[in-house]
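> Residues in the sequence shown are numbered consecutively from 1, following my numbering.
Heads up, none of these hints are tricks.
Simulated restraints on C-beta separations:
| hint | residue 1 | residue 2 | range |
| --- | --- | --- | --- |
| 1 | Q48 | V18 | 45 to 51 Å |
| 2 | L11 | A40 | 55 to 61 Å |
| 3 | L10 | D46 | 51 to 57 Å |
| 4 | A20 | E77 | 51 to 57 Å |
| 5 | E152 | S126 | 17 to 23 Å |
| 6 | E141 | P38 | 22 to 28 Å |
| 7 | V18 | Q75 | 44 to 50 Å |
| 8 | E82 | C150 | 28 to 34 Å |
| 9 | G88 | G125 | 18 to 24 Å |
| 10 | L19 | E138 | 47 to 53 Å |
| 11 | E82 | C171 | 32 to 38 Å |
Just so you know, these hints were derived from the structure itself, not from any lab. For every residue, glycine included, the Cβ atom is placed at its ideal position computed from N, Cα and C.
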Amino acid sequence: MMQLRMPARLLASAGALVLAATLSSCGFDYATDREYTPTAGVNDRDAQVDVLSAVIVADHDGEGAFVASFANNDQQEPITVESLAGAGETTLTASDFSPVEIAPGQLVNLATDGGVTVTGDFGPGSFVAVKIGFDNGENVEMSVPVVAPCDEFEGLAPSASGSTSGESYDCDVPAPATEH
1 MMQLRMPARL
11 LASAGALVLA
21 ATLSSCGFDY
31 ATDREYTPTA
41 GVNDRDAQVD
51 VLSAVIVADH
61 DGEGAFVASF
71 ANNDQQEPIT
81 VESLAGAGET
91 TLTASDFSPV
101 EIAPGQLVNL
111 ATDGGVTVTG
121 DFGPGSFVAV
131 KIGFDNGENV
141 EMSVPVVAPC
151 DEFEGLAPSA
161 SGSTSGESYD
171 CDVPAPATEH
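Make the full structure from the sequences, and use the hints.
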């Protein structure tokens, strides 16, 4: 077997090092490049207004509070949320909805005022197709989760209506069953 001379070994080592450095940087779709929102709510960023962390908070079947944040990406003109309704075959009624103006480049959080009371065929754990209409002609359709008024959603479910059409959801976590 022929032994490599020192310069040939050095050249081979340097080539291997360059090749390893080049091939090890071939990744794409890094986890840090993906949007991730650690929340129960859903987002839609396809329109001029971003709909962020949208949920319906319900403590019993049939009634809840639609809560979301709206971010106006237009830096020049205000945009108004004009309507909230069920999308497609979904029946959803927003009983106390009044238009919400979003100033240019600003964010409005519906949770600040308790959300918009909605009624329909839903309960905690389900998803509701909603359609949000804006005065610029755009509409956003999204499937919104229905969550119980526990933890960060505590106090957001409508309770002033006095409706008792269903049993209230219990936020207490049951103790684990143990066998002896």
